[in-house]
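Asker: With the hints as a guide, bring both chains together as one complex.
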Amino acid sequence: AQKITQTQPGMFVQEKEAVTLDCTYDTSDPSYGLFWYKQPSSGEMIFLIYQGSYDQQNATEGRYSLNFQKARKSANLVISASQLGDSAMYFCAMREGLGAGGTSYGKLTFGQGTILTVHP
Amino acid sequence: NAGVTQTPKFQVLKTGQSMTLQCAQDMNHNSMYWYRQDPGMGLRLIYYSASEGTTDKGEVPNGYNVSRLNKREFSLRLESAAPSQTSVYFCASRTRDSEYGYTFGSGTRLTVV
Chain A
7 AQKITQTQPG
17 MFVQEKEAVT
27 LDCTYDTSDP
37 SYGLFWYKQP
47 SSGEMIFLIY
57 QGSYDQQNAT
67 EGRYSLNFQK
77 ARKSANLVIS
87 ASQLGDSAMY
97 FCAMREGLGA
107 GGTSYGKLTF
117 GQGTILTVHP
Chain B
177 NAGVTQTPKF
187 QVLKTGQSMT
197 LQCAQDMNHN
207 SMYWYRQDPG
217 MGLRLIYYSA
227 SEGTTDKGEV
237 PNGYNVSRLN
247 KREFSLRLES
257 AAPSQTSVYF
267 CASRTRDSEY
277 GYTFGSGTRL
287 TVV
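Chains as they are written, first to last, in our numbering: chain A, 7 to 126; chain B, 177 to 289.
The reader is advised that the hints may include incorrect statements.
Across the chosen pairs, the derived CB separations fall in these ranges [stated by the list, open to error]:
{"no.": "1", "chain 1": "A", "residue 1": "47", "chain 2": "B", "residue 2": "272", "range": "51 to 59 angstroms"}
{"no.": "2", "chain 1": "B", "residue 1": "287", "chain 2": "A", "residue 2": "86", "range": "36 to 44 angstroms"}
{"no.": "3", "chain 1": "A", "residue 1": "87", "chain 2": "B", "residue 2": "239", "range": "38 to 46 angstroms"}
Quick caveat, the hints were computed from the structure, so don't treat them as lab data. Think of the CB as a built atom: it goes at the ideal place given N, C-alpha and C, for glycine as much as any other residue.
So that you can see chain B by itself, here it is in the shape it has in the complex (with noise of 0.2 angstroms):
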C-alpha cells in the first residue's frame, strides 16, 4: 500500500542511548518532515527535507539529526536520547502536485527512562 512507513512502532530507551528512527515513502514526494507530539502541544515540526539533499532546522531541533538519504527516505536520530525526548514521532510527505497533500505514517512511540 501506497503511503509513509515508520519504523519501529514503539521504542523504549535509556538515557544517552541513541536510535535512528526510519521513514519512507513510495509517493515520490518531494518534501518530507519529522514532528513530535506530546500531550498539550500539538504536533512540533522537528527537522523538515524541502526536496532531496536539503534539510532544515524546524521548531525544535535540539537534541536530533536528520538524514535525507535518498528521496524516498528521511531518517531522524537521537544521539543521546533524554527523558525530555519522550514522545509520539510522526513523519509526513507531501506533494507538490496538492496543496493539502500531505500523508502521515503511523507513528513511533519513544519512551526514553
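This is chain A alone, in the form it adopts within the complex (with noise of 0.2 angstroms):
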C-alpha cells in the first residue's frame, strides 16, 4: 500500500487566488512528521513546510499552511494569494519513527508530486 498519496497529478489556479494540494498517508506509528517540498523546473528541492504528528497546531509559513488532519491521516498544503513562481512540482513526505528508540533512521517516503500551474 501507499504511504503517501497525492491524488492530483495536476492543478491549475489563477494568480492570488488560494490552492490546497493534497496529500493522505498510511501509518501505523504514532511519532512521525510530514513534509511538503518543492521542485521548480530547475530541478533542486526546496523546503516549505513541516508538521510534527504530534504538533497540537497546525504548521504555517509565509503563504504555505499544513492543513493536518490526524483522524483523516490527511496533510493537505494550502497556498495562499498564489503568485506566478509556484508554478512547479510539489511533493509531500512522511518520516516514521520519530519516537525515542525509532528506527526509521531519517528515511524519508515521498508521494508522486502534484504539478501545480499558476495562470496569470
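Answerer: Right, dumping it as C-alpha cells:
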C-alpha cells in the first residue's frame, strides 16, 4: 500500500487565489513527521513546511500552511495568494519513527507529486 | 556555500557501462541518502547511511552499490548501467538536531542508452 498518496497529478490556479494540494498518508507509527517540498523546473528540492504528529497547531510558513487532520490521515498544503513563481512540482513526504528508539534512520517516503500551474 | 554537492550534474552512459555518482556535504551531518526520481513515482530511496561506517538498502537498491567513504562523502555506483536506471538522482543529508533538517543536492540527470 502507498504510504503517501497525492491524488492530483496536476492543478491549476489563478494568480492571487488560494489553492489546496492534497496529501494522505498511511502509518501505524504514533510518532511521525510530514513534509512538503517544492521542485521548480530547475530541479532543486526546496523545503516548504513541516508538521510533527504531536504538534497541536497546524504548521504555517508565510503563505504556506499545512491543514493537518490526524484522524483522516491527511496533510494538505494550502498556498494562499498564489504567485506565478509558485508554478512547480510539489511533493508530500513522511518520516516515521520519530519517537525514542525509532529505527527509521530519517528515511523519507515521498508521494507521486502534484504539478501546480499558476495562471496570470 | 554550505550544502550538498553532487557530481556530475549530467551524464549519458551506454548500457553496460559503470559509473559512480559523487555526493559530499560540509554540514557535519550524520545521515546521508540516495534517491531516484522518476515521472509519476516521486522520489524513491535507493540506499542510505545512518552514520559513518554504516549503509543499508532502501526501497529500490537493485543494480546499485554505495560507499560511505567518510562522514562527508557518500557515493552511489552503477556497476552495469541499464536503461531502467535512466533517472534523476538526488543525494540528501540530515542533521540530528532537527526533525526536518534535510538538505538535498541539486541532482544528477542520468541517461542510459
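Asker: Going through the numbered hints above, which ones does this structure break? Give me the numbers in ascending order.
Answerer: Violated: hint 1 alone.
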